[in-house]
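K.L.:
Here's the letter readout for the chains.
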Amino acid sequence: MEQIKCQCGHNNPPGTDLCASCGRPLTEKEKRKKLADMRYEGSARRSQTYNKSIVDKVWNFFSSVKIGIAIIVAILVAASIGTILPQQLFIPAQGEEAVREYYADVYGSFGAVYHFLGFHDLYSSYWFQALIGMLGISLIIASLDRGVPLYKSLKNQRVLRHESFMKRQRFFGAGEAEPDALDASAQELENMKYKVRREKNGILAEKGRFSRWGPYVNHAGLIIFLIGVMLRALPGFYIDESLWVREGEMRAIPGAPGYYLASENFEVTTYSGEGDEEVYGEALEEAGTVVKDYKTDAVLYQVPEGSPPGATDNLEKVKEYEIEVNHPLQFDGYNVYQMDYRLNELSSMTFALTNKETGESRGELTVDLSDPQHIYELEDGSTVELIGYYPDFSGFAENGEPQTATPIPNNPGFLVEMTTPETPEGETSFIVIRETVEPFGENEYKLTFQSAETRDVSGLVIRKDVTLPILILGGIIFMIGVTQGMYFNHRRIWIQEKADGTVLVAGHTNKNWFALKKELDKTTETAGLPPAADQQEEAKQKEKEGENRYDVG
Amino acid sequence: MTLVEWSSNLLLTAFFAYLAGTLLFGGAVRGNKEGSFASESRWGRIAITVTVIGFLANLGYFFTRWAASGHIPLSNMFEFTAAFGMMLVGGFILIYFIYRTPALGMVVLPVALLVIAYASMFPRDISPLIPALQSYWLPIHVSTVVIAEGILAISAGAGLIYLLKNVDMKKKSKQRLWLEILMYALFLVLGFVVANSYFMLTDYEAAFDYVDKEGEAASVVYDMPPLFGMNEGVALDESTMEPIFEVPAFINGSKLTAVAWSVIVGTILYGLVRLVFRRRVAEMLQPLVRNTNSQLMDEVGYRSVIIGFPVFSLGALIFAMIWAQEAWGRFWGWDPKEVWALITWLFYAAYLHLRLGKGWQGEKSAWLAVGGFAIIMFNLVAVNLIIAGLHSYA
Ligand code: HEM
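As you go down the protein sequences, you meet chains A and B in turn. Counting from 39, one number per residue, gives the positions in the first sequence under our numbering. Counting from 9, one number per residue, gives the positions in the second sequence under our numbering.
Hints in this document: simulated from the structure, not taken from any laboratory. This structure is a prediction, so every number in the text was calculated from the model and none was measured. Some hints here could point you the wrong way.
Pair by pair, the computed Cβ-Cβ distance ranges are [to be verified]:
hint: 1; chain 1: A; residue 1: R289; chain 2: B; residue 2: R338; range: 35 to 41 angstroms
hint: 2; chain 1: B; residue 1: V242; chain 2: A; residue 2: E395; range: 51 to 57 angstroms
hint: 3; chain 1: B; residue 1: E246; chain 2: A; residue 2: D378; range: 57 to 63 angstroms
In silico BS3-like pairs for lysine-lysine, Cα to Cα no more than 27 angstroms straight-line [claimed, not checked]:
hint: 4; chain 1: A; residue 1: K43; chain 2: A; residue 2: K231
hint: 5; chain 1: B; residue 1: K372; chain 2: A; residue 2: K104
hint: 6; chain 1: A; residue 1: K95; chain 2: B; residue 2: K366
hint: 7; chain 1: A; residue 1: K69; chain 2: B; residue 2: K366
hint: 8; chain 1: B; residue 1: K372; chain 2: A; residue 2: K72
hint: 9; chain 1: A; residue 1: K536; chain 2: A; residue 2: K231
hint: 10; chain 1: B; residue 1: K372; chain 2: A; residue 2: K71
hint: 11; chain 1: A; residue 1: K555; chain 2: A; residue 2: K245
hint: 12; chain 1: B; residue 1: K366; chain 2: A; residue 2: K555
hint: 13; chain 1: A; residue 1: K190; chain 2: B; residue 2: K178
hint: 14; chain 1: A; residue 1: K555; chain 2: A; residue 2: K72
hint: 15; chain 1: A; residue 1: K67; chain 2: B; residue 2: K180
hint: 16; chain 1: B; residue 1: K372; chain 2: A; residue 2: K555
hint: 17; chain 1: A; residue 1: K71; chain 2: A; residue 2: K43
hint: 18; chain 1: A; residue 1: K578; chain 2: B; residue 2: K182
hint: 19; chain 1: B; residue 1: K366; chain 2: A; residue 2: K104
hint: 20; chain 1: B; residue 1: K221; chain 2: A; residue 2: K578
hint: 21; chain 1: B; residue 1: K180; chain 2: A; residue 2: K578
hint: 22; chain 1: B; residue 1: K366; chain 2: A; residue 2: K205
hint: 23; chain 1: A; residue 1: K72; chain 2: A; residue 2: K90
hint: 24; chain 1: A; residue 1: K72; chain 2: A; residue 2: K205
hint: 25; chain 1: B; residue 1: K366; chain 2: A; residue 2: K245
hint: 26; chain 1: B; residue 1: K372; chain 2: A; residue 2: K578
hint: 27; chain 1: A; residue 1: K578; chain 2: B; residue 2: K366
hint: 28; chain 1: A; residue 1: K233; chain 2: A; residue 2: K205
hint: 29; chain 1: A; residue 1: K394; chain 2: A; residue 2: K536
hint: 30; chain 1: A; residue 1: K556; chain 2: A; residue 2: K484
hint: 31; chain 1: B; residue 1: K366; chain 2: A; residue 2: K90
hint: 32; chain 1: B; residue 1: K182; chain 2: B; residue 2: K366
hint: 33; chain 1: A; residue 1: K205; chain 2: A; residue 2: K69
hint: 34; chain 1: A; residue 1: K72; chain 2: A; residue 2: K484
hint: 35; chain 1: B; residue 1: K179; chain 2: A; residue 2: K578
hint: 36; chain 1: A; residue 1: K72; chain 2: B; residue 2: K366
hint: 37; chain 1: A; residue 1: K104; chain 2: B; residue 2: K182
hint: 38; chain 1: B; residue 1: K366; chain 2: A; residue 2: K71
Backbone N, C-alpha and C define an ideal beta-carbon position, used for all residues, glycine too.
Could you put the whole structure together from the sequences, leaning on the hints where they help?
P.N.:
Below is the structure:
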């Protein structure tokens, strides 16, 4: 297609509605309109001009506001469906099969259908992510389609516009004026912080043009944000690990090679309802105990540079820190969050090897539950050999072997062989709390429980998110964009004196006509210009009187 | 008086001031009807003065309670809902000083009254903060959200006036039906307040043991007569009435009972009004808005969305994400409350695009604004009470 040459001599790209320089309507359709379509200054948008190739079709699809809104609404509806039942993440069941059963058991056939449709994990489903992706594409294409031509036209605009352009503005007036009205209005407009440009017999007063870039800036922010979110799916950009450390224990920090974390102490406090906390008295009575705080006294260690992998003997202390909810430990881009805890986990158990008949003791042994020894030597050559250790004993398998449910010492079971000078062949026994099983017949000796030590376990989460700066940047740009586009607006006032002495006044704004009207009225009054009327209101008024209908806008 | 008592009395003062304000704004609008604009501005001036005094008392409630509890009073259902009511009035005052629209006061103040009354139905004890809430992001995030929601809700007020004025009450239409449904919905909230107050004053209580959805034994106390029983519920007291229906374990019978009572009482109240006046409620309100300027209402509605949207984005999404990142190490977790904040935000984004891109102004835009308010209320009521999540205040 060819460039369109306007009568004023300006060359416009194909598809232009209003000449970028003088504002004359260039198409038949535009000429027929009573009011000029000022939304994109009548500039040529690719989507409105080409519709031949596949690329054109895709471009036009994504640049359409209708499609954009449809995508937004689709995301909105999908997101709300995901809240009807709790997402998989929030239910106690683990594992595919268990999850499926959970939905069917708890929520009946509705739950089964919900699960069948994949709504239990809606937000990570491919179709939901595809919708988000389409939103991103739509944002990019729609912004380019409008933003680029809009920028060119606003840059090219001339002070003197063609009469037809001015007449077709929403605020327009024409008539006699005071002799030095142009000077006076320039002055008045400058007082109201307008940027005033003069050319021969005309004035263009403009303010807040930057607000026109608001939507494009905010869309750019959203695009940057979405890019950040997408990057998180790549390996290394986002680390999310969890770690349970017991008091007095040191563990390698998962996801952070070379770092170790020791817990010196873990503490939970609850609200007492006394002293300062007396105001909470009634609420506490209702709720029972309420946790006030929980925290871990942690020490962070690092393997010094150059030491062989896995060596932990000469760790360097990096820092001590009290990890608390809302106060994560930070190091080298990592954050360690206090998330959970388990109180009073068994840490060690002490038994005495005693003769069942006489009650005589052959000495005591203490089993460290996180690091049990294989053999414990007692007095006079007696030994207790730990053949099997089942931290969370859950019963015997069919072949008679003891089973453990988890590696956590909730219900420790010990299979032991006890040897004493009296019983040199050894006796086998299986011990769990409050119970002893003697699988091979009556024994002479048994292990008698003496005492146990407990300690608290702190549940920590380790996260590193390299994309955070991108997300923050996107967020800031978005906020700048919405502020710029919504709290400011672009107002323009054109004044022109024709050869016969008639003065034309026109005004346009992209938002807040109410405020523009006030300023325009003030200018015309002070400077003695012909008053401008709201042509859109007049048209509506006529329509209303004609058909006696309600104004539906 | 202790600080806590001061605080309750100030809230009560605010409540009565808003009540008076409603009537005075009504007077201002009526004055207008006779064509005497002098009376409009005089009544309007008194009305806004009373409203501002009420708002100051309301702020007084807020800050005294803050001082008493040691944390910003936005941590349970009562506090959050009451603050929303307060910000509705705040938003209205802001718009009033720009546009001088008494009719808006006549619509917004009663809704604010209803919201505050609704809030007062929840336990008003000062509750301690769980660890996750102990952050300076609590006041920053939650107060920005209530301010934004208050401003956004004003657009619904303006929209409602627009619709009351422009929907033809003489002709049967979808619009007329929906407008009446909207009025009925307000009666349901009133029904909840009335039913709850009645049973609260008569000290109704019924305790049940039941089996919850994970199959564990649990107990619950009803404060309204049990229409819906909990799963395998057993009353602890023989004299308790037998629930009429039993519901499956995943439905909370006690909450459903509260909903049912609200519907029953609200419907009776609505029915009575219709019987006595023999006209649709919307039709009865129509004369009050006869002299409002539709175009101005449309503008006010749009302006409040424009002012509210950036504030909402900042508070409900950005601040929320920063806090979530700090407390849990993830800025977003698809928790229902988060999702509904996103839905609200997307909804208003759609509103803006429909208006700017598709020219949806006037009536269509007014319906959208009312829809936005419905989403905000849903968020406050249903998501908090029914779809429990991290933020659930109840
Ligand atoms: C959640 C996503 C989106 C948000 C938060 C958003 C936000 C905004 C905002 C705040 C405005 C300014 C509105 C006003 O000034 O009244 C705007 C304008 C606009 N948006 Fe979006 N937008 C989103 C998605 C989209 C999409 C998917 C499209 C694709 C078609 C789109 C196309 C536009 C257009 C064409 C404008 C008008 C630009 C102008 O007047 O120059 N937006 N957007």
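K.L.:
Among the hints numbered above, which are violated by the structure, and what are their numbers in rising order?
P.N.:
Violated: hints 1, 3, 4, 13, 15, 20, 23, 29, 30, 34.
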